[in-house]
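Participant: Sequence:
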Amino acid sequence: MKSIKETAIYAEVLKEFNYSFGNVFIFDGFVVSEIKQGISFSWEHHGKYISEDLCRHFSTNGNNVIYISNRINSYSVIALDWNTFFENKYTLGAYYVVGMNRLNQLNVFVEQLFFKKRIRNFNCIYSAINEAKINTLNFA
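At position 93 of the sequence shown (counting the first as 1) the number is 92 in numbering that gives the first Met the number 0, and the numbers step up by one without a gap.
The hints are simulated quantities; they were obtained by calculation from the structure and are not laboratory data.
There's no promise every hint is true.
As the list claims (entries may be wrong) - Pair by pair, the computed Cβ-Cβ distance ranges are:
#1 E51 with K1: 23 to 29 Å
#2 G37 with N134: 28 to 34 Å
#3 S19 with N82: 23 to 29 Å
#4 K1 with S75: 17 to 23 Å
Claimed, not checked - Only pairs whose alpha carbons sit at most 25 Å apart, straight line, appear in this in silico DSS-like list of lysine-lysine:
#5 K47 with K115
#6 K35 with K4
#7 K14 with K47
For each residue, glycine too, the CB sits at the ideal point set by N, CA and C.
Take these sequences, add in the hints, and give me the full structure.
Facilitator: See the structure below:
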């Protein structure tokens, strides 16, 4: 699996947020995150910073944003922290996960227990982005 930076899609990035724990790439109506190897992704140390930056950028609580998690690295998500995300009045138009190895499958299964919408799974970033481009039109 490739980073967005290693693809032709990178030319479509409108803005990039670089954090010590990973990168988030802003496109027209959707975002792609790439979290670094070994991170235990939590609301307090990671999610709240991304959410605040995305809400400022899109001037919304996220209800019209598709979030694509490009899992090019192995890391874990504290699934229970989705509750805090929603308690803080954030939401997403859709949530996609790319890269379904065994560890990611288990993580997504647990995340789905706490995420209020269906998590869509993709094997390649191009498929997820194509789907996001189609679905972004529904939010316009």
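Participant: Does each hint hold? Answer for all of them.
Facilitator: Results of checking the hints against the structure:
Evaluation of the 23 to 29 Å hint for E51 and K1 yields a pass: the beta carbon distance comes to about 28 Å. A C-beta distance of roughly 31 Å is found between G37 and N134, which places it inside the suggested range of 28 to 34 Å. The given range of 23 to 29 Å is respected by S19 and N82, whose C-beta atoms sit roughly 25 Å from each other. A C-beta distance of roughly 22 Å is found between K1 and S75, which places it inside the suggested range of 17 to 23 Å.
Proposed proximity of K47 and K115 is supported: the alpha carbons are some 18 Å apart, at most 25 Å. With a C-alpha separation of about 14 Å, the suggested pair K35 and K4 falls inside the 25 Å cut-off, and the hint holds. Between K14 and K47 the CA atoms are separated by roughly 18 Å; this keeps the pair inside 25 Å, and the hint holds.
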